[in-house]
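A.B. asks: Given next are the chains, with one letter for each unit.
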Amino acid sequence: MTPLQIPVEKWAGKVTEVKLGGNGRKDITIGGENTLPFLHFEGTFPHQPALAIEIQDMEPDWPADLLLSWGDAVKDPGQWARKAAEYGADIVALRLRSAHPEVENSGAEKAKRTVASVLEAVDLPLIVLGPEVAEKDNEVLLAVSEIGRGQRLALGNCTDKNYRAIAASCLANEHVAIAKAPTDVNLSKQLNMLLHEAGLPMSSVLTDPTTGALGYGLEYTYSVVERLRLSCLSGDEMTSTPIICTVGEESWKQKESRSSQDIPESWGAQERRAIIWESITSAILATAGADIVVLRHPRSVELIKEMNGKWLSMT
Amino acid sequence: MTGIEIYKYLPKTNCKKCGFPTCLAFAMKVAQKQAEISLCPELSPESRQFLEEASRPPIKLVSIGRDKKIETGNETVLFRHEKTFYHQPGLVIRIKDTESPGDAARRIREVSSYSVQRVGLDLTLDGFALDNESGNPASFLRLVETAVNNTDMPLVLMSPDTATMKLALDKTAQNRPLIYSATRDNWQDMAQLALDYHCPLAVSERESPGNLAELTERVIQMGVEDIITDPGADSFGNSVDLLTQLRRLAINKRCRPLGYPSITFPGDHASGPEDEALLAAQQIAKYAGIIVLDHFYPGIVYPLLTLRLNIYTDPQKPVKVAAGIYPINDPGNSDPLLVTTDFSLTYFSVAGEIQSCGFPSWLLICDTGGLSVLTAWAAGKFNAREIAKTAKQFGVNDYVNHNALVIPGYVAVIKGALEEEMAGWKILVGPREAMDIGNYLKRTWRENVL
Ligand code: B12
Ligand code: SF4
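Going line by line, the protein sequences match chains C and X. Going by our numbering, the first sequence opens with residue 1, and the numbers climb by one from there. Going by our numbering, the second sequence opens with residue 1001, and the numbers climb by one from there.
No lab work stands behind these hints, which were simulated from the structure alone. Quick caveat: nothing in here was measured; it's all calculated off a predicted structure. Treat the hints with care, since some could be wrong.
What the hints assert, rightly or not - Quick list of in silico lysine-lysine cross-link-like pairs, DSS-like style, CA-CA up to 30 angstroms:
(1) Lys-255/C with Lys-1171/X
(2) Lys-255/C with Lys-1320/X
(3) Lys-1442/X with Lys-189/C
(4) Lys-1320/X with Lys-253/C
(5) Lys-161/C with Lys-1253/X
(6) Lys-255/C with Lys-1442/X
(7) Lys-136/C with Lys-1415/X
(8) Lys-10/C with Lys-1083/X
(9) Lys-1253/X with Lys-14/C
(10) Lys-253/C with Lys-1415/X
Claimed, not checked - Partial list, computed: chain C residues near chain X (C-beta under 7 angstroms):
(11) Phe-45
(12) Glu-219
(13) Met-307
As the list claims (entries may be wrong) - Which bits of chain X does chain C cover? Going by a derived footprint, with three or more residues having C-beta under 8 angstroms, they are:
(14) 1237 to 1247
(15) 1267 to 1275
(16) 1295 to 1301
Even glycine gets a Cβ: it sits at the ideal position worked out from N, Cα and C.
Sequences are here, hints too, so could you generate the full structure?
C.D. replies: What follows is the structure, encoded as structure tokens:
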């Protein structure tokens, strides 16, 4: 028998490196890998997949178990961010939920104040997410962009509806845009092309492919992330941006994570199920190619850290 | 192979013995995998061998168990979007013979009767791996007996000792357990047992895929056909590496000795049940055939079964239910009418909530081609016009007398347009999440409508 040859793919492309933070703030670089996730025998992973912990600018409407793990910190974004840092976040992801028209419809001033207080409280890189209503996202993100100048904040979300203003302000103030398209390889690619035409280099863009949680569309996101990564590795720069998945948000929305009453016995213990729901969603998307996962529960962060550590040390 | 290529090897006599009008028609069916090459009795032995070899799936389908079965393998792609993944990996629970027989029996019964409902399906685990951890034949046989008495699920027999294995097979062979495993030290004896007892055989060689292929080849030469490989995928550090190498070798390189499903042990280096579950999750996606779990907690098993279902869903076929009006909890004509889409997940989320809250209701399902509420709305398949059309098509007036329709909270924006489309109807905006439907109906239905 001829000795067996392990098949190694010669990929033409690699994930673009994107730096967050810096300019007096801790920085982190993501991307750079030149093979599919977890494949040691084929390529290199210059940077670990990053863990972001989500905090909000107002007390969140989260399930009790999840709230319990943060205690009083949820009352103050600065304090919450510090606690996130203690729990091992690489990045803090601040959601400006109060700016949603159906929540408080808060505006630029509050957004600036909150972001300033979080930047003051921790020296970690910061992601700032608007309420996901295109006009409001524009309003708050443009305001935020000015105060964090040069610190390479990641600002989301940028969609085909509002990308121009956000791209321009990311360019002017040295930030990174998070480009979000609805679970579709071509739409993500098109959005990157629009950002590119608007002058933003791919090293200032992260792709949010839209996350479906375990049991609620995960398989669609899984395949879109895999396809984006394969397209990138085959040499397409317009799909080479690192991928960010808002895992905690989607996972904790589902009944399996929220409900503790009137549920079948076969669902098992509530807390264990909710945490594993979030961490499986996270682990699976990382296996498909996610470079940043945004999580909510400290125990999920711990589990995913352990997983990444074992993977990278090959144990 | 294409139909034309297959045709070249056929007798071209159009004798119809295969049940097809012509050799070419038969060749086309074989190419589409809708007919077996063995249906043609006129093939020369050389052509038959060649065609059978060429049409063999790159990863063999292996089945374990008799009445209840694990069927694994026969995968054809590396990525699910390229086509689909076909055979879900078996999830089995390991029971060690160092456990007390009482505990073992209790756990075996618990696992065997475990089942959880999701999207109208009953999801269950698939069997047990019985582990001769003690090294003592008597304890192992006691455990095997306990299993035989308490479950009809497939078994994996784990002992390195061929004499012990033989005794265990005497008790279980009629149920086709998986023999775990042939190693470089005992492969001849284990392979002989597999042949004598007609059972599938696992082949363990954790040094390298090359060594694994060599050992498997020897076992194949002895005549064993149903094989499970054990490359040693037991940690985050090596699992995706090894299983990707095997899958690529089998599918892209047609490496026959590695063209079998693999067994994995995510618990071997785990720090706890969660850590084990995350590796098992990864192995469900990347590329295990049988996964041996050391822990059984419903709160962990349920998400794993859900994941397995997700990853093995055919990406080309949306999973959907038929459009129409569904009665839930035996409704009358003054009971609520709600509307949603035909995406199976959406339907079962909503129907399940209505059912468990006990409120009698009618559920109107629109044909959206199997899309979720917002996806269908964004695609223009769940808007005011489509909903009004569906309501008319299924004659909602024959079912209810109150002219009120509850729409999902996520599409509140269509309320006005729908009121125009359905003149005389009151459109009520329900909650966003299905889990709040019960409370919504209990609190607001009567006052809104009566
Ligand atoms: C998976 C997914 C897809 C899959 C399709 C999956 C499917 N079978 O529907 C794919 C990739 C194909 C897809 C495509 C598109 N998608 Co899509 N998709 C998603 C995703 C990630 C999950 C959807 C899902 O499965 N939800 C789970 C089901 C169970 O939810 P549901 O049906 O809403 O049901 C819940 C509630 O509505 C409620 N409920 C349901 N019925 C009822 C009834 C009543 C009476 C009540 C009270 C409650 C209720 O109960 C359920 C559980 O709580 C979401 C984003 C997200 N994270 O949610 C985007 C999302 C829905 N998609 C979106 C879009 C825009 C699209 C596209 C139009 C993109 C494009 N331009 O091509 C296409 C359209 C498809 C087409 N043209 O054929 C947008 C919609 C934006 C908007 N607000 O309008 C979303 C929200 C993403 C986003 N943020 O941009 N998508
Ligand atoms: S049985 Fe064989 S020879 Fe006869 S028609 Fe079919 S393929 Fe042709």
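A.B. asks: Work down the list of hints and note, for each, if the structure agrees.
C.D. replies: Going through the hints against the structure:
A threshold of 30 angstroms between alpha carbons decides the hint, and for Lys-255/C with Lys-1171/X the separation of about 45 angstroms lies outside it, so the pair is violated. Taking the CA atoms of Lys-255/C and Lys-1320/X, the gap is near 21 angstroms; set against the 30 angstroms cutoff, the hint holds. Annotation: proposed proximity of Lys-1442/X to Lys-189/C is violated, straight-line Cα distance about 46 angstroms (limit 30 angstroms). Pair hint Lys-1320/X plus Lys-253/C holds up; C-alpha atoms about 23 angstroms apart against a cutoff of 30 angstroms.
Our distance criterion of 30 angstroms between C-alpha atoms is broken by Lys-161/C and Lys-1253/X, whose separation comes to about 46 angstroms. For the proposed pair Lys-255/C and Lys-1442/X, the alpha carbon gap of about 19 angstroms is at most 30 angstroms, so the pair holds. As the CA atoms of Lys-136/C and Lys-1415/X are separated by approximately 23 angstroms, the hinted pair is consistent with the 30 angstroms bound. Between Lys-10/C and Lys-1083/X the CA atoms are separated by roughly 23 angstroms; this keeps the pair inside 30 angstroms, and the hint holds.
The hinted pair formed by Lys-1253/X and Lys-14/C meets the criterion: a straight-line CA distance of about 25 angstroms does not exceed 30 angstroms. Distance restraint check for Lys-253/C and Lys-1415/X: the Cα-Cα separation of roughly 24 angstroms lies within the 30 angstroms cut-off, and the hinted pair is therefore satisfied. At its closest, the beta carbon of Phe-45/C sits 12 angstroms from a beta carbon of chain X; the interface hint therefore is violated under the 7 angstroms criterion. Taken as an interface hint, Glu-219/C checks out: its beta carbon lies about 4 angstroms from the nearest beta carbon of chain X, inside 7 angstroms.
Look at Met-307/C: its Cβ gets to within about 5 angstroms of chain X, closer than 7 angstroms, so that hint holds up. For the stretch 1237 to 1247 of chain X, the proposed coverage by chain C is satisfied: 7 residues have a C-beta within less than 8 angstroms of a C-beta in that chain, meeting the threshold of three. Coverage of the stretch 1267 to 1275 of chain X by chain C holds in this model, with 4 residues showing a Cβ closer than 8 angstroms to a Cβ of that chain against a need of three. For the stretch 1295 to 1301 of chain X, the assignment as covered by chain C holds, since 5 residues bring a beta-carbon within under 8 angstroms of that chain's beta-carbons and 3 suffice.
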